[in-house]
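A.B. asks: First to last, the protein sequences are chains A and B.
Going left to right, the first sequence walks through residues 1 to 327 as full-length UniProt numbering numbers them.
Going left to right, the second sequence walks through residues 1 to 327 as full-length UniProt numbering numbers them.
Since no wrong hints were added, every one of them can be taken at face value.
Simulated pairs of lysine-lysine, PhoX-like, Cα-Cα distance not exceeding 20 Å: (1) B/K251 / B/K233; (2) A/K79 / B/K125; (3) B/K198 / B/K175; (4) A/K234 / A/K175; (5) B/K114 / A/K113; (6) B/K114 / A/K58; (7) A/K114 / B/K114; (8) B/K259 / B/K171; (9) B/K113 / A/K58; (10) A/K109 / B/K113; (11) A/K132 / A/K312; (12) B/K113 / A/K114; (13) A/K171 / A/K160; (14) A/K322 / A/K172.
Sample of chain A residues at the chain B side, in silico, Cβ under 10 Å: (15) T68; (16) R76; (17) V78.
Worth flagging that the hints you see were computed from the coordinates, not collected in a lab.
Ideal placement from N, C-alpha and C gives every residue a C-beta, glycine not left out.
Number of protein chains: 2
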Amino acid sequence: MPTVKDVAQRAGVSVATVSRVLNNSEKVSEQTRQKVLKAIEELGFKPNLLARNFRKDKSNLILVILPTIANAYFARVVKGIEDTARKNGYGILLCTTQNSPEIAAEYLKLIEKKQVDGAIIASAKIEINFCKDLDTRRIVQACEFYPFLDSSCVLIDHRKAFYDVVDYLIKKGKKNILCAIGNEDIPSEFERKEGYRKALEENGLQFREENVIRCSYGWTELYEKLKNLCCLKKYDAIACSSDLMAVGAIKAAKALGLKVPDEFSVTGFDNIMMSRLYEPSITTVAQPMYSIGEKAAQILIDTLESPGAFKKQKIILPHELKTRESA
Amino acid sequence: MPTVKDVAQRAGVSVATVSRVLNNSEKVSEQTRQKVLKAIEELGFKPNLLARNFRKDKSNLILVILPTIANAYFARVVKGIEDTARKNGYGILLCTTQNSPEIAAEYLKLIEKKQVDGAIIASAKIEINFCKDLDTRRIVQACEFYPFLDSSCVLIDHRKAFYDVVDYLIKKGKKNILCAIGNEDIPSEFERKEGYRKALEENGLQFREENVIRCSYGWTELYEKLKNLCCLKKYDAIACSSDLMAVGAIKAAKALGLKVPDEFSVTGFDNIMMSRLYEPSITTVAQPMYSIGEKAAQILIDTLESPGAFKKQKIILPHELKTRESA
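Using the sequences provided together with the hints, build the complete structure.
C.D. replies: Okay, structure coming up:
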């Protein structure tokens, strides 16, 4: 079976030049390209299976790194990415990290190995130590932005979004408002807490650290925490950082005999399907999830198609307060 | 930089033998292996990035093909696959097909391209025409079994499961029972319909084709169909093929002023989180989703690790009827 070396010999060029032709590199003159293609044809040279990546230097695959698929929130983001990718001739592969930065780093290696052309990190937790030596042109952050990874990003203004929802509770007459957020080492959670603080302070209410409850995004942990909070009745509302947390809060309020929203108002975040279907339906913040995915994919694909035109972008998309029955 | 050829020369063996050593093939004597490893070390030979796949002939990645991630049902299956894969040193990549057999076929090509070692098809629709020439040892079907793809599979007995839930409705005194299922070209949907038929007939009730409603798995389509069914009141129950369908049915019953479950009982399928959280909570069938994923991954990995020991398996795991408020 003829090798690249045989092709180079016959065409009277170097192996590197043959590679360039196989690579569709623009650094080869048309005349040389024709010589090489002729030699390839005459010899019946077939780049083998593994050389295929090398030849095209493209897999036409985009990796999407998610913390989990258990949260329905991500399905729309993925759909936006997928539709945009498919329109542009790319497939997408998803992976989940359970928010482990080590696992995220492992999967990011697929870029270097050329098994994927680039990656969209959608909310998955990353750490500075695992992000050295990454080609940031091939990565876009979506929903969440870790500033130490100097890539393009597409997300909402989480601080303003949480400000809006707390401000809405205050305008509805609520004064003793709890806040339930995830871990503050996640940038959006830190931002949301700051939004909560700002809304209180601008409305002349005092921010109290002890009114900030940290918990997981599911419903059970907040449910247990609130049910065991002997003094829940001294509060009249809670702003939650996920819709499932809001379900937990509503269940706890009901268990303690509090009427939602009159005695205890609850807001969620993300506008997942359940927030609309739940009874009472849940006041929440809608992120433009599909658009975030779409835009992130478009930025990445534009760069992959024309690496020379790369320009780092930070896109902030508008959020929307969905007022429903729970607040 | 030294090449495989240099290593072969120095060790006094053929290039193929070096490949076999790099491949961890068992066809090399221990003595030869040691010679090659010594040459590799002395020359400082490093298999290059692209040769890595070649060297190990393994990506240590498993592809999971899903119809969508919008249905929370799949999150647990994926978790079972992922935990098992990780324990065995494999990563997993997910892809979604929106139930297009063409897209599933495209992703299955990643096996042939050696970008993944094998695939688990979890409920994604496939078609016989796209499944020729697949290496069925590298594929396991989960949740759903298309018999034309002669691979191992792990799933529940869908016919028996639907039989059980309809039988339960009948034992509760229901006599005019609708059935809502997805498209019957999906084997499990066909099986469920047969379970519905069998339960009716064994209980002396007549099966009527017109009482079978075909619709998508979300809640809206069934909701609209039932709301516009002028004669819904002549029925006293519906057995649905997904929990979201059940939500649609409950909403329609409520909209028409029917009390659930007294006047109209509703059952779902899959036991997604919402079925427990919804009010009324939804009687449903729990598939052992995590175990299905776990078992499918284990069968696949066992084969990948010892291809010689391959034996096609059909594993039927037990389902469980979860009786709640809606029926």
